[in-house]
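Enquirer: Each chain is listed here by its residues.
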Amino acid sequence: GEKVEQHESTLSVREGDSAVINCTYTDTASSYFPWYKQEAGKSLHFVIDIRSNVDRKQSQRLTVLLDKKAKRFSLHITATQPEDSAIYFCAASRGRALIFGTGTTVSVSP
Amino acid sequence: GPKVLQIPSHQIIDMGQMVTLNCDPVSNHLYFYWYKQILGQQMEFLVNFYNGKVMEKSKLFKDQFSVERPDGSYFTLKIQPTALEDSAVYFCASSRDWGSQNTLYFGAGTRLSVL
Numbered sequence: 039g040e041k042v043e044q045h046e047s048t049l050s051v052r053e054g055d056s057a058v059i060n061c062t063y064t065d066t067a068s069s070y071f072p073w074y075k076q077e078a079g080k081s082l083h084f085v086i087d088i089r090s091n092v093d094r095k096q097s098q099r100l101t102v103l104l105d106k107k108a109k110r111f112s113l114h115i116t117a118t119q120p121e122d123s124a125i126y127f128c129a130a131s132r133g134r135a136l137i138f139g140t141g142t143t144v145s146v147s148p
Numbered sequence: 002g003p004k005v006l007q008i009p010s011h012q013i014i015d016m017g018q019m020v021t022l023n024c025d026p027v028s029n030h031l032y033f034y035w036y037k038q039i040l041g042q043q044m045e046f047l048v049n050f051y052n053g054k055v056m057e058k059s060k061l062f063k064d065q066f067s068v069e070r071p072d073g074s075y076f077t078l079k080i081q082p083t084a085l086e087d088s089a090v091y092f093c094a095s096s097r098d099w100g101s102q103n104t105l106y107f108g109a110g111t112r113l114s115v116l
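Going line by line, the protein sequences match chains F and V.
The first sequence begins at 39 in the numbering used here and counts up by one.
The second sequence begins at 2 in the numbering used here and counts up by one.
Just chain V, same shape as in the assembly:
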């Protein structure tokens, strides 16, 4: 079936550094999402993105976070600067159409460890 690829699978960085998480969504999908999961807790919605713009974001999407998809390449989540509480698994997802009632396809996640 359709696949969403996330690169890298694991990233270790020092607090205060910048990190970029990369997502290669399903090729004909137009809507993109990031979710964050701290070990043993819920997978929490961060942001959704369409046509070059953030459509909706949660209170977890701090000012230090930004997303973009330059020229149809990777959909990225950038955190600058990182904080200890940013350690989590970040899941990217994409969907063909808009809204929660369209199937989301997820990547395998990037485990971010902030030291």
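Here chain F stands alone, though its shape is the one from the complex:
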């Protein structure tokens, strides 16, 4: 079945630097790729998504890139702030379900 690999399990950055999280997927039929964020002690919440008809989407300091040929997508966070510290999950669609990666713990230090 569909597998989603999230390549970085942890990422430590200095405040103001950029952070990049990379994911790969296996199912060529996947067409929707959301990202979710989980802060300590809180629920997962949606941050940004990209659909397979585009290869780039930006929302404020977040940019998602999609390379369908390589079956790879990534989340770029620019000008990181302490409140960006969280676990980030990538996901890919499979039918009517989302298949998630294992999460990347991002720590932003002052």
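Among these hints, one or two may not hold up.
[Said to hold, decoys possible] Restricting the straight-line Cα-Cα distance to at most 30 Å, the calculated cross-link-like pairs of lysine-lysine (DSSO-like) are:
id: 1; chain 1: V; residue 1: Lys63; chain 2: F; residue 2: Lys106
id: 2; chain 1: F; residue 1: Lys41; chain 2: F; residue 2: Lys109
id: 3; chain 1: F; residue 1: Lys80; chain 2: V; residue 2: Lys54
id: 4; chain 1: F; residue 1: Lys80; chain 2: V; residue 2: Lys4
id: 5; chain 1: V; residue 1: Lys54; chain 2: V; residue 2: Lys79
id: 6; chain 1: F; residue 1: Lys106; chain 2: V; residue 2: Lys58
id: 7; chain 1: V; residue 1: Lys4; chain 2: V; residue 2: Lys54
id: 8; chain 1: F; residue 1: Lys41; chain 2: F; residue 2: Lys80
id: 9; chain 1: F; residue 1: Lys107; chain 2: V; residue 2: Lys60
id: 10; chain 1: V; residue 1: Lys63; chain 2: F; residue 2: Lys41
id: 11; chain 1: V; residue 1: Lys79; chain 2: F; residue 2: Lys95
id: 12; chain 1: V; residue 1: Lys4; chain 2: V; residue 2: Lys79
id: 13; chain 1: V; residue 1: Lys63; chain 2: F; residue 2: Lys80
id: 14; chain 1: V; residue 1: Lys60; chain 2: F; residue 2: Lys106
id: 15; chain 1: V; residue 1: Lys60; chain 2: F; residue 2: Lys80
id: 16; chain 1: F; residue 1: Lys106; chain 2: F; residue 2: Lys41
id: 17; chain 1: F; residue 1: Lys106; chain 2: F; residue 2: Lys95
id: 18; chain 1: V; residue 1: Lys4; chain 2: F; residue 2: Lys106
id: 19; chain 1: F; residue 1: Lys80; chain 2: V; residue 2: Lys58
id: 20; chain 1: V; residue 1: Lys79; chain 2: F; residue 2: Lys80
id: 21; chain 1: V; residue 1: Lys79; chain 2: F; residue 2: Lys109
id: 22; chain 1: V; residue 1: Lys60; chain 2: V; residue 2: Lys79
id: 23; chain 1: V; residue 1: Lys4; chain 2: V; residue 2: Lys63
id: 24; chain 1: V; residue 1: Lys58; chain 2: V; residue 2: Lys79
id: 25; chain 1: F; residue 1: Lys80; chain 2: F; residue 2: Lys95
id: 26; chain 1: F; residue 1: Lys41; chain 2: F; residue 2: Lys107
id: 27; chain 1: F; residue 1: Lys107; chain 2: F; residue 2: Lys95
id: 28; chain 1: V; residue 1: Lys58; chain 2: F; residue 2: Lys109
id: 29; chain 1: V; residue 1: Lys58; chain 2: V; residue 2: Lys4
id: 30; chain 1: V; residue 1: Lys60; chain 2: F; residue 2: Lys109
id: 31; chain 1: V; residue 1: Lys4; chain 2: F; residue 2: Lys41
id: 32; chain 1: F; residue 1: Lys41; chain 2: V; residue 2: Lys60
id: 33; chain 1: V; residue 1: Lys4; chain 2: V; residue 2: Lys60
[What the hints assert, rightly or not] One side only, chain V facing chain F, incomplete, derived with CB under 10 Å:
id: 34; residue: Phe46
id: 35; residue: Ser59
id: 36; residue: Phe66
id: 37; residue: Pro71
id: 38; residue: Tyr75
id: 39; residue: Gly100
id: 40; residue: Thr104
It should be emphasised that the hints constitute simulated quantities derived from the structure, not laboratory data.
Since the structure is predicted, the reported quantities are computational estimates derived from the model, not experimental observations.
Every residue, glycine too, gets a C-beta built ideally from N, C-alpha and C.
Mind docking chain V on chain F? Use the hints.
Expert: Just chain V, lined up with the frame of chain F:
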């Protein structure tokens, strides 16, 4: 924003017992989901549910698992009997519309420990 509440946050039970995990979805949402996450591993899809019926389930959704939402109250996941490998965090989610291309709202999870 919209909130999904999960009760309890942590449940400890003996193997072979029954357990019910409760989820209070977003009030106007019609589609409900359960995911399972074993520590350090992927969050894995279990089941989705609409209009009183299971729409889709994964191979992880064993015969011992069942879901229901009686009379619009809690959306529940029942495991009977439990096994050691059921120990995990179970996340409930809901969405307004159908399909993976509609934003899912997640609860904070219930950590189930089967001894």
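Enquirer: Run every hint past the structure and note whether it holds.
Expert: Evaluated hints:
no. : hint               : result
1   : V/Lys63 x F/Lys106 : violated, 34 Å
2   : F/Lys41 x F/Lys109 : holds, 11 Å
3   : F/Lys80 x V/Lys54  : holds, 29 Å
4   : F/Lys80 x V/Lys4   : holds, 11 Å
5   : V/Lys54 x V/Lys79  : holds, 15 Å
6   : F/Lys106 x V/Lys58 : holds, 27 Å
7   : V/Lys4 x V/Lys54   : holds, 23 Å
8   : F/Lys41 x F/Lys80  : holds, 25 Å
9   : F/Lys107 x V/Lys60 : holds, 29 Å
10  : V/Lys63 x F/Lys41  : holds, 20 Å
11  : V/Lys79 x F/Lys95  : violated, 40 Å
12  : V/Lys4 x V/Lys79   : holds, 22 Å
13  : V/Lys63 x F/Lys80  : holds, 28 Å
14  : V/Lys60 x F/Lys106 : holds, 27 Å
15  : V/Lys60 x F/Lys80  : holds, 28 Å
16  : F/Lys106 x F/Lys41 : holds, 15 Å
17  : F/Lys106 x F/Lys95 : holds, 14 Å
18  : V/Lys4 x F/Lys106  : violated, 33 Å
19  : F/Lys80 x V/Lys58  : holds, 26 Å
20  : V/Lys79 x F/Lys80  : holds, 23 Å
21  : V/Lys79 x F/Lys109 : violated, 36 Å
22  : V/Lys60 x V/Lys79  : holds, 16 Å
23  : V/Lys4 x V/Lys63   : holds, 28 Å
24  : V/Lys58 x V/Lys79  : holds, 14 Å
25  : F/Lys80 x F/Lys95  : holds, 26 Å
26  : F/Lys41 x F/Lys107 : holds, 16 Å
27  : F/Lys107 x F/Lys95 : holds, 17 Å
28  : V/Lys58 x F/Lys109 : holds, 25 Å
29  : V/Lys58 x V/Lys4   : holds, 24 Å
30  : V/Lys60 x F/Lys109 : holds, 24 Å
31  : V/Lys4 x F/Lys41   : holds, 28 Å
32  : F/Lys41 x V/Lys60  : holds, 14 Å
33  : V/Lys4 x V/Lys60   : holds, 28 Å
34  : Phe46              : holds, 4 Å
35  : Ser59              : holds, 7 Å
36  : Phe66              : violated, 16 Å
37  : Pro71              : violated, 23 Å
38  : Tyr75              : violated, 16 Å
39  : Gly100             : holds, 5 Å
40  : Thr104             : holds, 5 Å
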